[in-house]
Amino acid sequence: MSELHRTPLRDFHAAHGARLVDFAGWEMPVQYRSILEEHKAVRRAAGLFDVSHMGEVDVRGPEAGKFLNYLVTNDVAKLYPGRVLYSPMCYPSGGVVDDLLVTMRGPDDYFLCINAGNVPKDLAWIREQSSPFAVTITDRSDDYALLAVQGPRAAEIVQSLTGAKLGLVQYYHVTEGTVAGIHCVISRTGYTGEDGFELYHAAGDAVALAEAVLAAGAPRGLELAGLGARDSLRLEAGYPLYGHEITQDISPLTAGLGWTVKLDKGADFIGRDALVAEKKNGAVNKVVFFKTGDRRIVRAETPVLGANGAIVGRVLSGTLSPLLNESIGSALVTVAAASEALVVDIRGTKLNLHLVKPPFVELKKAPQ
Amino acid sequence: MSNVPTNLCYAKSHEWLKVETDGTATVGISDYAQSSLGDITYVQLPKVGAVLKAGEVFGVVESVKAASDLYAPAAGTVIAINAALDGAPETLNTAPYEGGWMLKLTLSNPSETTTLLAAAAYEQLLG
Numbered sequence: 001m002s003e004l005h006r007t008p009l010r011d012f013h014a015a016h017g018a019r020l021v022d023f024a025g026w027e028m029p030v031q032y033r034s035i036l037e038e039h040k041a042v043r044r045a046a047g048l049f050d051v052s053h054m055g056e057v058d059v060r061g062p063e064a065g066k067f068l069n070y071l072v073t074n075d076v077a078k079l080y081p082g083r084v085l086y087s088p089m090c091y092p093s094g095g096v097v098d099d100l101l102v103t104m105r106g107p108d109d110y111f112l113c114i115n116a117g118n119v120p121k122d123l124a125w126i127r128e129q130s131s132p133f134a135v136t137i138t139d140r141s142d143d144y145a146l147l148a149v150q151g152p153r154a155a156e157i158v159q160s161l162t163g164a165k166l167g168l169v170q171y172y173h174v175t176e177g178t179v180a181g182i183h184c185v186i187s188r189t190g191y192t193g194e195d196g197f198e199l200y201h202a203a204g205d206a207v208a209l210a211e212a213v214l215a216a217g218a219p220r221g222l223e224l225a226g227l228g229a230r231d232s233l234r235l236e237a238g239y240p241l242y243g244h245e246i247t248q249d250i251s252p253l254t255a256g257l258g259w260t261v262k263l264d265k266g267a268d269f270i271g272r273d274a275l276v277a278e279k280k281n282g283a284v285n286k287v288v289f290f291k292t293g294d295r296r297i298v299r300a301e302t303p304v305l306g307a308n309g310a311i312v313g314r315v316l317s318g319t320l321s322p323l324l325n326e327s328i329g330s331a332l333v334t335v336a337a338a339s340e341a342l343v344v345d346i347r348g349t350k351l352n353l354h355l356v357k358p359p360f361v362e363l364k365k366a367p368q
Numbered sequence: 001m002s003n004v005p006t007n008l009c010y011a012k013s014h015e016w017l018k019v020e021t022d023g024t025a026t027v028g029i030s031d032y033a034q035s036s037l038g039d040i041t042y043v044q045l046p047k048v049g050a051v052l053k054a055g056e057v058f059g060v061v062e063s064v065k066a067a068s069d070l071y072a073p074a075a076g077t078v079i080a081i082n083a084a085l086d087g088a089p090e091t092l093n094t095a096p097y098e099g100g101w102m103l104k105l106t107l108s109n110p111s112e113t114t115t116l117l118a119a120a121a122y123e124q125l126l127g
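Here the protein sequences come in this chain order: G and U.
At position 117 of the first sequence the residue is numbered 117 (this note's numbering), and the sequence of numbers has no breaks.
At position 14 of the second sequence the residue is numbered 14 (this note's numbering), and the sequence of numbers has no breaks.
FYI, nobody ran anything at the bench for these hints, they're computed from the structure.
Hints may be right or wrong, so weigh each one.
Calculated pairs, SDA-like style, for lysine to any residue (alpha carbon to alpha carbon, straight line, at most 25 angstroms) [to be verified]:
no., chain 1, residue 1, chain 2, residue 2
1, G, K291, U, A118
2, G, K350, U, M1
3, G, K291, U, G59
4, G, K121, G, V51
5, G, K286, G, D345
6, G, K350, U, A75
7, G, K350, U, K18
8, G, K350, U, N109
9, G, K364, G, G256
10, G, K350, U, G127
11, G, K121, G, G17
12, G, K165, G, K291
13, U, K53, G, T349
14, G, K350, U, S35
15, G, K350, U, E112
Computed beta-carbon distance windows for the label pairs [said to hold, decoys possible]:
no., chain 1, residue 1, chain 2, residue 2, range
16, G, A300, U, K53, 46 to 54 angstroms
17, G, R44, U, S13, 35 to 43 angstroms
18, U, A119, G, A218, 52 to 60 angstroms
19, U, G99, G, W259, 35 to 43 angstroms
20, G, A300, U, S13, 41 to 49 angstroms
21, G, A341, U, A119, 29 to 37 angstroms
22, U, L126, G, A14, 15 to 23 angstroms
23, G, L263, U, V57, 31 to 39 angstroms
24, G, D11, U, G87, 34 to 42 angstroms
All residues carry an ideal CB built from backbone N, CA and C; glycine is no exception.
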């Protein structure tokens, strides 16, 4: 087995009692104290997440905007300097290569944030697709560390460490400034459903920044939060995770991400033909979100049964919602079955899936 | 370091058993087990009156991470279950040897418990 990658905060995590696990080839904290408690701390006050494993890519050049609009399904032409966009990028089949954030830093200057487990695949794909365009693609993943401060008190905590006027930074916008004396790209984004900031900074500054945010945040209820809470927060918010709700075989339309697929943006993009056809002809399957009224977790790959007991789909993600105190999840089921009563069998007990339009809990923020 | 009380005996599958003065036995899972599982979210226990064989699956404990079978450390008949765990499974994380007890058994063969590990041997198993 190859060595796990480590973020600059690996020893910081260990010193704070983290349980470190292999996540997409990275040694990452899955939890410190308790996944459920960390989750609740983020909804109640704030959490600090190390997401330095995420990949960063610079896309620069006179055709950078044009190229990105061809690469992703959402409309990059709507960006202006300082604006961030969430989008899938698709294969010609309409299946998803990855989902990512596109930030416009300036004219002809864009910045991508991609999933850790997809960095080599994404870079190869992006470079291959970019060849007809006047752009330069640079992998910056090793240069940046990334800390996410998320929760209703995140703004207050980050503001206490920076002179940047965070009140002027709207959701899905960035500014640059120093936080605790460390130069950061301060991005008002996140994947928890809460207000918050993602702080991109030089890898060598990560420990100092984490210590400063923890010191400023702890008196305000901030807790260190691991990937376990990050997953339950995103699922409770109804956000897709690559490899679960969106995959090479699950298109953004099937996943319910139609709002990120701009078929009429006035530019061709990879996967457009397949997605137009899917929209016109209707999809075979759809992603649904469910709750069970029971605490038994319905785990990924559990078969979903229709009214007559036949298998009509499978579970994609499942966890216990710490706020609802019942198990929640997502499933891929046939469109025909999605209006039927759906059931799963958990160790001999039949649980009914009650379909829910996410989010499962009231959120302050959603991707834009 | 895991807490391994010396007055209990242990199964290699991480259940503990305490022989009470009246000859009945109380069963739960060890501090090591709860810590490995992480946040415990659900516990499924047998009904009172159930007859368990040694090593038989008597229930399931679920955490955010995974669901794990529970194995009877000794044969016996279930005379009580800890119903409070149904509403508060997290007690298994906070008090695995006290509030987190799972079953009380009348042992079929009290001498059988000698095959379980003493605290020192269990601690050695944990390494």
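Outcome of the hint check:
A threshold of 25 angstroms between alpha carbons decides the hint, and for G/K291 with U/A118 the separation of about 43 angstroms lies outside it, so the pair is violated. A distance of roughly 39 angstroms separates the Cα atoms of G/K350 and U/M1; the hinted pair therefore is violated under the 25 angstroms criterion. The suggested pairing of G/K291 with U/G59 holds, with an alpha-carbon distance near 24 angstroms, which does not exceed 25 angstroms. For a cut-off of 25 angstroms, the pair hint linking G/K121 to G/V51 stands: about 19 angstroms separates their Cα positions.
At roughly 21 angstroms between alpha-carbon atoms, G/K286 and G/D345 fall within 25 angstroms of each other, so this suggested pair holds. This hinted pair does not check out: G/K350 and U/A75 have alpha carbons roughly 29 angstroms apart, beyond 25 angstroms. A distance of roughly 35 angstroms separates the Cα atoms of G/K350 and U/K18; the hinted pair therefore is violated under the 25 angstroms criterion. As the CA atoms of G/K350 and U/N109 are separated by approximately 36 angstroms, the hinted pair breaks the 25 angstroms bound.
Distance check on the hinted pair: G/K364 and G/G256 sit about 20 angstroms apart at the alpha-carbon level, within 25 angstroms; holds. The suggested pairing of G/K350 with U/G127 is violated, with an alpha-carbon distance near 40 angstroms, which exceeds 25 angstroms. Note on G/K121 and G/G17: the hinted pairing is violated, with a Cα-Cα distance of about 33 angstroms set against a maximum of 25 angstroms. Only pairs whose Cα atoms come within 25 angstroms are accepted, and G/K165 paired with G/K291 is rejected, the gap being roughly 40 angstroms.
Taking the CA atoms of U/K53 and G/T349, the gap is near 23 angstroms; set against the 25 angstroms cutoff, the hint holds. Between G/K350 and U/S35 the CA atoms are separated by roughly 29 angstroms; this puts the pair beyond 25 angstroms, and the hint is violated. Simply put, G/K350 and U/E112 have alpha-carbon atoms about 37 angstroms apart, too far for the 25 angstroms limit, and the pair is violated. The hinted range of 46 to 54 angstroms is not satisfied by G/A300 and U/K53, whose Cβ atoms lie roughly 33 angstroms apart.
About 37 angstroms separates the C-beta atoms of G/R44 and U/S13, a value consistent with the hinted range of 35 to 43 angstroms. In this structure the hint that U/A119 and G/A218 lie 52 to 60 angstroms apart at CB is violated, the actual value being about 37 angstroms. About 47 angstroms separates the C-beta atoms of U/G99 and G/W259, a value inconsistent with the hinted range of 35 to 43 angstroms. Checked against the given bound of 41 to 49 angstroms, the beta carbons of G/A300 and U/S13, roughly 25 angstroms apart, lie outside it.
A hinted range of 29 to 37 angstroms for the beta carbons of G/A341 and U/A119 is inconsistent with their spacing of about 51 angstroms. A hinted range of 15 to 23 angstroms holds for the C-beta pair U/L126 and G/A14, which are about 20 angstroms apart. Our hint of 31 to 39 angstroms for G/L263 and U/V57 is violated, since their Cβ atoms are close to 53 angstroms apart. One distance hint, 34 to 42 angstroms for the beta-carbon pair G/D11 and U/G87, holds here, with the actual separation near 39 angstroms.
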